[in-house]
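S.K.: Residues per chain, in single letters:
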Amino acid sequence: MIRAEGLGKRYGERWAVRDLDVEVKQGEIFGFLGPNGAGKTTTTRMLAGMIAPTTGRALIGGVDLAEDANAVRSRIGLLTESPGLYERMSAAANLDFHARLHGLPSQKRRERVRACLDLLGLGERRNDRVAGFSKGMKQKLAIARAVLHEPVAVFLDEPTSGLDPESARDVRAFIRDLRDAGRAIFLCTHNLDEARRLCDRVAVFRTRILRLGSPRELEREVVRHRLAVRMANQPEPFVEVVRALPAVREAEVADGELVVVLDELDRDAPPVVRALVEAGAEIQRVAGLDSALEAAYLAILNEEVEAETAQAGGVRG
Amino acid sequence: MIGRVLTVVVKELADVCRSRLILTTLIVPTILYIVVSLVALSAGNLPGVAGMSRGELEALERTLPRNSGVASVEAFQILVVDQILVLYMLAPLFIPLTIASYSIIGEKQVRTLEPLLATPIRTWELLAAKSVAAIVPGMLVGWVSYAAFLVLAGFIATPTVLWHALGATWLVSFGVLSPLFALLAVSMAVIASSRTNDPRAAQQLGAVVILPISALLSAQVFGFVRLDVSHALMLAVAVALADVALLWTAVRLFDRETILTRWK
Chain A
1 MIRAEGLGKR
11 YGERWAVRDL
21 DVEVKQGEIF
31 GFLGPNGAGK
41 TTTTRMLAGM
51 IAPTTGRALI
61 GGVDLAEDAN
71 AVRSRIGLLT
81 ESPGLYERMS
91 AAANLDFHAR
101 LHGLPSQKRR
111 ERVRACLDLL
121 GLGERRNDRV
131 AGFSKGMKQK
141 LAIARAVLHE
151 PVAVFLDEPT
161 SGLDPESARD
171 VRAFIRDLRD
181 AGRAIFLCTH
191 NLDEARRLCD
201 RVAVFRTRIL
211 RLGSPRELER
221 EVVRHRLAVR
231 MANQPEPFVE
241 VVRALPAVRE
251 AEVADGELVV
261 VLDELDRDAP
271 PVVRALVEAG
281 AEIQRVAGLD
291 SALEAAYLAI
301 LNEEVEAETA
311 QAGGVRG
Chain B
1001 MIGRVLTVVV
1011 KELADVCRSR
1021 LILTTLIVPT
1031 ILYIVVSLVA
1041 LSAGNLPGVA
1051 GMSRGELEAL
1061 ERTLPRNSGV
1071 ASVEAFQILV
1081 VDQILVLYML
1091 APLFIPLTIA
1101 SYSIIGEKQV
1111 RTLEPLLATP
1121 IRTWELLAAK
1131 SVAAIVPGML
1141 VGWVSYAAFL
1151 VLAGFIATPT
1161 VLWHALGATW
1171 LVSFGVLSPL
1181 FALLAVSMAV
1191 IASSRTNDPR
1201 AAQQLGAVVI
1211 LPISALLSAQ
1221 VFGFVRLDVS
1231 HALMLAVAVA
1241 LADVALLWTA
1251 VRLFDRETIL
1261 TRWK
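Protein sequence lines correspond, in order, to chains A and B.
Using the numbering used here, the letters of the first sequence map in sequence onto residues 1 to 317.
Using the numbering used here, the letters of the second sequence map in sequence onto residues 1001 to 1264.
Here chain A stands alone, though its shape is the one from the complex (with noise of 0.2 Å):
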């Protein structure tokens, strides 16, 4: 659905995107992760037909954008980092705009307007101007303008910034709905627990794809996960216990809690859990410490500076 063959964008001498090739297949959320400045937002422009990439082509639904960009402007449906909506216009009267510009006859176009607004919660407000939306609503239409027409191939960037629980809860589920309508989702977010949630798979991404799997392959590859364990009895006593273990690879005491470092969370706790109940242990509390695709995330950055400063150090050697 969304296809990259070693996409790249130059801008002077400097590489904004380097040697993109990714597969988006329909009904799958893809999560494109990375650092600001990372070129997140010059792939989706690129894969958007918005801007000429300088190697590399890149086929939506089908289409090559080099070859009829306006064709697979029509094939997609973007949400930008900003809503960009008319203020001064009514929350219909936007999403009507933008269907006539992708040509939507008029029945299907009301049709639609009405659909989206109401899917998004906004039915209520379809007639009142946007100036007068919260952050949250205005998130939701910009969401409903991106899907309006029905496009193959959706790119989401940072759909749930700066919206309260309850609106990011809707907005995760509206785009589990799109997935489930076989939609290609191409999800650019800062926030790893939302990738880890919603994404099929996830590309964590620096000017090039630095790792790609689905979000618990990534985990498994890259991190160990660490559990707390609260006790009413003292912890230092069941660190010997833990450690004798063969899912463990580190335990310590840490704050009042004992730490244990295991290779997986769900596979390696319950084993835990039994040796300290079975050793004595009065437990109150068991809680994973970190994301692991945050560690996962921050590992793989971390190891793509470490490579980078030891081929500048072998550059200068």
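Be careful, since some hints might not be right.
[Said to hold, decoys possible] Lysine-lysine pairs mimicking BS3-like chemistry, simulated, CA-CA at most 25 Å apart:
#1 B:K1108 x B:K1011
#2 B:K1108 x A:K135
#3 A:K135 x B:K1011
#4 B:K1011 x A:K108
Calculated from the structure, these hints are not laboratory results.
Source: prediction; values computed, not measured.
Once you have looked at the hints, place chain B on chain A.
M.R.: Coordinates of chain B only, in the frame set by chain A:
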């Protein structure tokens, strides 16, 4: 194709109607033009003017040979009418310039340009729509002023003066030349608007086109150039060609990538 142009034009005009500031800048000058014009025309009825000396009358006739044979008051009023109507023709040039200067920059500033460019709208469609939408308010000011002036002048001026104001040259000028001139100025402003991120610079660049147009119209009023119907039509064809060339240039110069990536 035309549907997308029309969509953007309608949306832009609705924006104009929603903006009190723009509406004020359209309505107030229209009223002022009409009031000032009628006051100026009334001056032709003053005894001092009616009693122009023979020498003054001859000098007026030498400047405006088309007025020979009419009464001195009428000759003066025709001179005033010519100047007033030139003023009305300039209105559709200056007002759209302000609107056009903000056309692309404004969208960029309120961050609506990127979603707009993500639609299948073609560059020429977007620029043509922005240009037409910028012209319409100014044209309305010019035409409404002209029509209101003709109606109200009927109470002050003689039929000879009115027929002069309704002459073929002026009808062609208002109906054909004026929109084409306006399109020329606006296309220039739209080009500037898509090449700079400062609306003031865009406005000044657009104004460059107005200077020769103003000079031409002034030369016609003061008798240096005689613009009859055939000349006006020939000029209209030339300006129409220039409009097409300028729109083509605008499309070529409109760089989506620079606008999206370099403008902050």
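S.K.: Does the structure keep K1011 (chain B) and K108 (chain A) at a Cα separation of 25 Å or less?
M.R.: Roughly 20 Å between the alpha carbons, so the hint for K1011 (chain B) and K108 (chain A) holds.
S.K.: Run the distance test for K1108 (chain B) versus K135 (chain A): straight-line Cα separation, threshold 25 Å.
M.R.: Holds, at about 19 Å.
S.K.: Is the Cα-Cα distance between K1108 (chain B) and K1011 (chain B) 25 Å or less?
M.R.: holds (16 Å)
S.K.: Does K1011 (chain B) sit within 25 Å of K135 (chain A), going by the straight-line distance between their CA atoms?
M.R.: Roughly 23 Å separates the two Cα atoms, so the pair holds.
Hint compliance for this structure: every hint is met.
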